[in-house]
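Protein chains in written order, with the UniProt record's numbering: chain A, 1 to 508; chain B, 1 to 508; chain C, 1 to 508; chain D, 1 to 508.
If you're looking for bench data, these hints aren't it; they were derived computationally from the structure. Treat the hints with care, since some could be wrong.
A pair counts as met if it fits within one copy or between any two copies, since identical chains are not told apart.
[To be verified] Okay, derived cross-link-like pairs now, EDC-like style, lysine to aspartate or glutamate, Cα gap no bigger than 20 Å in a straight line:
| # | residue 1 | residue 2 |
| --- | --- | --- |
| 1 | Lys195 | Glu123 |
| 2 | Lys169 | Glu144 |
| 3 | Lys213 | Asp39 |
| 4 | Lys85 | Glu304 |
| 5 | Lys195 | Asp69 |
| 6 | Lys147 | Asp174 |
Chain by chain, the residues:
4 protein chains.
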Amino acid sequence: MMTVSSGDTPVSDIDFGTDPFDDDKLHEECAVFGILGTDDAAKHTALGLHALQHRGQEATGIVCYDGTDFHAHRELGHVGDVFDKDRGIVEKLVGHAAIGHNRYSTTGAPMVRNIQPLFADFEFGGLAVAHNGNLTNALHLRKELVKHGSIFQSTTDTETLIHLMAHAKGSLTDRLIAALRRVEGAYSLVCLSRKKLIGVRDPRGVRPLVLGKLADPAKGTSAYILSSETCGLDIIGAEKIRDVKPGEMIVIDDTGLHSEFPFEKQEERFCIFEYIYFSRPDSIVEGHSVYDARKAIGRELARENPVPADVVVPIPDSGVPSAIGYAEESGIPFQYGIIRNHYVGRTFIEPTDEIRHLGVKLKHNANRAVIEGKRVVLVDDSIVRGTTSRKIVEMIRAAGATEVHMCISSPPTTHSCFYGVDTPERSQLMAARMSLEEMRAAIGCDTLTFISMDGLYRAMGLPGRDSAKPAYCDACFSGDYPITLTDVAESDGNGAAKLSLLREQKVG
Amino acid sequence: MMTVSSGDTPVSDIDFGTDPFDDDKLHEECAVFGILGTDDAAKHTALGLHALQHRGQEATGIVCYDGTDFHAHRELGHVGDVFDKDRGIVEKLVGHAAIGHNRYSTTGAPMVRNIQPLFADFEFGGLAVAHNGNLTNALHLRKELVKHGSIFQSTTDTETLIHLMAHAKGSLTDRLIAALRRVEGAYSLVCLSRKKLIGVRDPRGVRPLVLGKLADPAKGTSAYILSSETCGLDIIGAEKIRDVKPGEMIVIDDTGLHSEFPFEKQEERFCIFEYIYFSRPDSIVEGHSVYDARKAIGRELARENPVPADVVVPIPDSGVPSAIGYAEESGIPFQYGIIRNHYVGRTFIEPTDEIRHLGVKLKHNANRAVIEGKRVVLVDDSIVRGTTSRKIVEMIRAAGATEVHMCISSPPTTHSCFYGVDTPERSQLMAARMSLEEMRAAIGCDTLTFISMDGLYRAMGLPGRDSAKPAYCDACFSGDYPITLTDVAESDGNGAAKLSLLREQKVG
Amino acid sequence: MMTVSSGDTPVSDIDFGTDPFDDDKLHEECAVFGILGTDDAAKHTALGLHALQHRGQEATGIVCYDGTDFHAHRELGHVGDVFDKDRGIVEKLVGHAAIGHNRYSTTGAPMVRNIQPLFADFEFGGLAVAHNGNLTNALHLRKELVKHGSIFQSTTDTETLIHLMAHAKGSLTDRLIAALRRVEGAYSLVCLSRKKLIGVRDPRGVRPLVLGKLADPAKGTSAYILSSETCGLDIIGAEKIRDVKPGEMIVIDDTGLHSEFPFEKQEERFCIFEYIYFSRPDSIVEGHSVYDARKAIGRELARENPVPADVVVPIPDSGVPSAIGYAEESGIPFQYGIIRNHYVGRTFIEPTDEIRHLGVKLKHNANRAVIEGKRVVLVDDSIVRGTTSRKIVEMIRAAGATEVHMCISSPPTTHSCFYGVDTPERSQLMAARMSLEEMRAAIGCDTLTFISMDGLYRAMGLPGRDSAKPAYCDACFSGDYPITLTDVAESDGNGAAKLSLLREQKVG
Amino acid sequence: MMTVSSGDTPVSDIDFGTDPFDDDKLHEECAVFGILGTDDAAKHTALGLHALQHRGQEATGIVCYDGTDFHAHRELGHVGDVFDKDRGIVEKLVGHAAIGHNRYSTTGAPMVRNIQPLFADFEFGGLAVAHNGNLTNALHLRKELVKHGSIFQSTTDTETLIHLMAHAKGSLTDRLIAALRRVEGAYSLVCLSRKKLIGVRDPRGVRPLVLGKLADPAKGTSAYILSSETCGLDIIGAEKIRDVKPGEMIVIDDTGLHSEFPFEKQEERFCIFEYIYFSRPDSIVEGHSVYDARKAIGRELARENPVPADVVVPIPDSGVPSAIGYAEESGIPFQYGIIRNHYVGRTFIEPTDEIRHLGVKLKHNANRAVIEGKRVVLVDDSIVRGTTSRKIVEMIRAAGATEVHMCISSPPTTHSCFYGVDTPERSQLMAARMSLEEMRAAIGCDTLTFISMDGLYRAMGLPGRDSAKPAYCDACFSGDYPITLTDVAESDGNGAAKLSLLREQKVG
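With the rest of the complex left out, here is chain A (with noise of 0.2 Å):
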């Protein structure tokens, strides 16, 4: 991942207080939601992004336009929790339109001055902007946009595209326009005016993005939505008109809706990770439920990895749906082998020696009653760092199995994302750095097995993966980075371009 640093030190050494019992996961970078038409829009944009959580957690925030006014909200934290009533954010937050994001940091620190929506004051009025993806020559445009003038106060990418909106002639999309041809990378964006909320895909499409509708029945109206995915359509009951589709700018303002695609054509790349592990289970994405991506991925898993066992056990709880297709296909019984915990804090207890070997159990335990004395199959959606794994077989094999087979849901992860995830440096990577054999040893599990390119590609119903023209990007298993990485050919080679920058100091 590119990180943007300040001097020789990285950003990421700045510790801001992630749950040090967290999966070893990738993480999702962003929701984004925005609605127009209807009284508390921002109410209903946090509850969006409520449902949205899982694509972000460090921050979240909204900015709502009344008519007269932008207010906005933006802070570290979640939705439930920065949103709760007995603060009374949310209800000082008035007005008929709002867009909103929750972030989870990949370029930039995890300052407030990052929390988006930004905002900017144009000629033409205020902007809120609020981004999912990562523009891979953000560095690039900012060091000459600074050259002529430009005062970064964040250090996101997206306040590079304002800049260059702030730069370009014309009308509100006229600039946006002009801005999006100059960024290369991959983003679903929504922007709020004083008339119009925009939504924006990348013309490869990388990030998802829905437009669904709320009709209010009472008053004959209804309300235009933009939303990562369908679960922050459902939550406020409204109904899914359709993907927003790559390449394609969605405008709606009080004429209604109105749909352009600016830009050259290019051919489709969506993340096929949204299906393995970031999108949730009930959201429809991109015409394939996610859940049935996940039972048919675990079916092909089963079908090219047939282990004689005698129980299936899914790390909850990304790890479900393709635990019950594997043991579908199998016919070997699904159990609930471990119970995840849901209470963990932040920083809950400081791991002195004698408590640190305790680890994962703090978020799981095994369920003795399920694994002792028998052959288990576990089944993970991947593997990034391998140390999660690791405690998660000794913890397993402690409770009493007699075997442990590790069968993974992806394709070992080998390559960094620079398209929106966040994903640890190459030389990080488990399956970068070691052969299957060397992994399955480290992890400590009888067999490990991770799902073929061609399977999961099956699993998607298309026959394997066209290597001449991927449905999907896929570049985190096979390196095949569908777009130009820009600042990362212009960095140092180890990813990490220099930016001045202040570092707020947090309060505990």
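Since the structure of chain A is already known, use the hints to place chains B, C and D on it.
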């Protein structure tokens, strides 16, 4: 439930910020935990309480002893938040012995003074007490004690016990035994003095309490542990020795572990609802795996009620094991048809009228891919007021189910519990005021089935319920209360006795 | 001072965040306030306590009664912060009667449980008690009470009184009188029951208590008020009726105000330090204006000690009236030579070595324009440890003073107070361990003068001190203690008796 | 005052919790402080800002540089609270150079983004800027900058300066000079880059700025300091070198201190209100002791207005030095007739109707012993709206004064300040809408006297006001504005120009 009230206003009128989106569930009132013989006894206790969080989420507290002083921290909130390391509290709770408590208020308002463990300074020194259960003659005894000059500081039944001890004679254990001989009710107690860690279960053994051991191979020492459930042992890697027996008092000190049975023997009546809902599925309670018990109940349910259907869907998380059992027995596929959002904050979003109808979706969403066009068996553990059940059925129908069959893995909940469980008054229990058909209609499902009483006992490995001598306390289903309800009998019919009460203001 | 300790560690070791830049002053322990007969009794009480803030800054509390329920809020912090309207606490303290308390801990650790008013549920109903003073046989009585089964929740001497009442017979006032007949010490008490507001002063009348009245012309009603000082009446526009008399018990209820003198008459011994430092200069205490008394002391000081000098400079704020008196008498001009910064937070800036030497300047700065090249008379009220005096002399010399003459408007403080004032142990009192010349040298001034004992009495309008029958309690100067010190006599010599104590952790 | 507003709603409508019991005073907008060449530069800065707290109490901020990174903390609140050591913030602000700022909002809403120092990442690296004063053509320039693509993040005039620098060419100092040549207004600036600490005063020298030095004898090094007033030097034991001169730019780096005068010379017009009220009495400002200046004004006042009276009473704290001067000149005794309570919290007690009339007494109480039966001269520094004066006169009469003569140590405040002082609009200035006699009647005093303009200049050591070339800026009394008011001229008459503004919600 018997509530302690002030004047004419029932204490339950005080709103103390319960989750407005909470399940329609009975709530276990408390967890207890104690450990003697390790450094960082309070940290171990915090971890144990964290694993026992499901038994009480309103408040938590720890009292420890460092050889010279007792230290305490007691606060409203979850264990992981109260003892978050950034607050530096656990670090100050030094010592080799500690007891702790999670509380879900049954008696006593949510006042800080009511948070356990309680502590008193006796002639012989300090004593801390934590209690899971409910004393059914606490108010009766309290009136007598006040008449003799006792000053109560809390409204908990546990303080009655402490005053009884203060007026008894002899050693700590003499006084504890004398006091317990005067009380009626259900209790699993842990106590900590300067020298001893004590655990006691009432003669009926209504509430669980297990004894464990944590060896420190490096030092060649080992610590004894008392915990409400085995999951409190698992989290710190401790080994279960055995259940504390009904009527047993275990005293742990420098000289080791001592057991006695100071009370008249009575028939055991362990709470059967611990298997149905309260205990964690990975706990082994009174010799039974909770997970296995739930699966067995699910199987009995399928045998008693063979519905033709396409899919078995649990109401997460508590309905999962029964649903797996149901699916295994019936052959109908088990699917995750309802997705739970684990990020809900306590008081998220003021439910305006427009928002209110969204209701249950904050926590749950139907997984349309699994539901649409299907005949659905929904498996839940119990129905209390029925409000949530109705909303879930509505949600499942909205997702396209053609039939909805609700199967409940407990008999109808017709009576209040007075032994330590937070039950609404009978008038609010759906099954106490409606026929089965009325309930079905109110909930809106096609069929509604509860497991039979005999089926429930069969799932526990018995031939059925022996009504002359039932093996379990099942008063909430049968109205057969095994322990006298003195305070209820003396109260004014609505179950609320009168106490003068100081209403402490809480701060935002 | 007698401190209640736990085991061998004195409670005073517990650092509870006192202002590290605090003055070297004795501290009055408490203020009391009570009102009956107005709406918003708690708001009036909060205002009264705010005016009495100088008498106790550690914690504050209010208990009120609304005709049905008692309500309370008690918390560490200043009145204006604890009852800040944004927190919404006072708004919930409804009712027509209330008592309140400001606390500066004398006995009892800074635990929330120790914050007054204390409240107890007696057979006859609830009673709240707030206390200014100190009982000198509280521990002696406490041991006896514990032996008879009383459970203490706090470490305050006030709770001893409550347990004595619980074991007494008869009506509320019977019990209160019976309990007070058993205690020794200094006290001004206010109590609130469902029917009565009661005020009592000990027979010596060591601590002040005034009676006032607040008429509501609109309603034709009037409320009675009890307050430690008249400034507590002024702030709410109430009129002073008279001082409560030594040994008097005033009972206010629906039928009006009743006075009785239930104790054996004793010689009055009002605390003379109230005039020197504790009371607010705008209060009228026992018939004397505090401001006038201080000016008269300054005048005496100038008469006793006519120093040739250029400028009279008060150490703000307490030295101001004496300095004005000194200047008027001596004809030397009064100037503000030391400027005080009123913005100091509680724990501002960790004093690293480099910063530490800056010390006293956080609160004070020399006004060079007034000091430079001048012979300066510095007027302060007292010297306790002498640490601040040395720093101030240093600062004045650094600002260019040619001579520094320190004039103190009290005799040397040679003895501890046991009647409700927070005094260091004798070993820390500068005047108890040094000669006058040693003190002068240690402080670094050119001359050091204390007012004589007779001069002090002259300033109070008397011919001098009648050592056979002194008009005031002046034990801190004379060692002549008018009330028996039972607990001190029974303690182990260092003044600290032993109690088992629970140390509650506070949160940052 | 010119306020930056959003749409039609003036920003001043936003209630941000100002003290409801605040004095009726003009408020200085800001303090600046900078230091280069010591360890713990941020701690020194926090201390300096603490000493300068009187110049701005809304917010405070520090930016420091550690040789590699810039660190910052900026927050609403007092210095001693924001940088309270328990919060651990200052400890993280490491480095040898720092600048800081206290803010009392003049332009810009109380948004976190507006808290200074501002920081920007230029081509040449990072730069932090803190500003005391007000730019009178900031909006004019802002519109032009936005047109050319600048994106503003704050609503402060200071950001205009930063964008001007971004569009300028050359070195940091070249750009700063170029930018400053384009702005009009009053400013004392401090800037911090990776290499330099810079201080600049506007050519008129309206706002103060002093240069100091702090030697570290142990290391043989010394640090340079820039501070709004000398009290910021005193607190850290630093020595004053001299005032920064009007139009001077001082650059401090490794090679020492460099001075230049890059602007066209103009007549000096230091703000005379700094002597009357803004500056601390112990500061030496432009060669005059503020305390001496105030005493001299008091003397002039007594000469111009010899009232027969019994006592001279200051309105504390600002009226004290003038009252001493008045008393010395008139021979009438100086007495503390009003006692100030220093414990007022920000929003203490919701002022219900019943409570509201108590008003001013929360902060002040009349000292009856001094007032009763006396003819009182009350000395105050200024009258702005007149509301407080009326309440104080009422309070003094209620305490028994026979006559009340109000003497004001400034001429009538008839005009708004546009140079960095928070003044109400003219329509709210009592002296702008009433005759002297009307004012007297409204305030309710027997006589009301303001010092004459010539008297004020005489007190400053001049023969009187030279109306052709006044020595000071006295626009608030004379309407003679020495610096062009471009934005006012371009605004819509009510002084408020329009900006699109994001309204950030504040929490609790």
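These are the hints, each one checked on the structure:
1. Lys195 - Glu123: within (14 Å within a copy, 35 Å between copies)
2. Lys169 - Glu144: both (18 Å within a copy, 15 Å between copies)
3. Lys213 - Asp39: Only inside one copy: Lys213 and Asp39 sit 14 Å apart there, 52 Å across copies, limit 20 Å.
4. Lys85 - Glu304: neither (50 Å within a copy, 45 Å between copies)
5. Lys195 - Asp69: within (12 Å within a copy, 41 Å between copies)
6. Lys147 - Asp174: The answer is between: 16 Å across copies meets 20 Å, while 24 Å in one copy does not.
Hint 4 alone, counting from the list given before, is not met by this structure.
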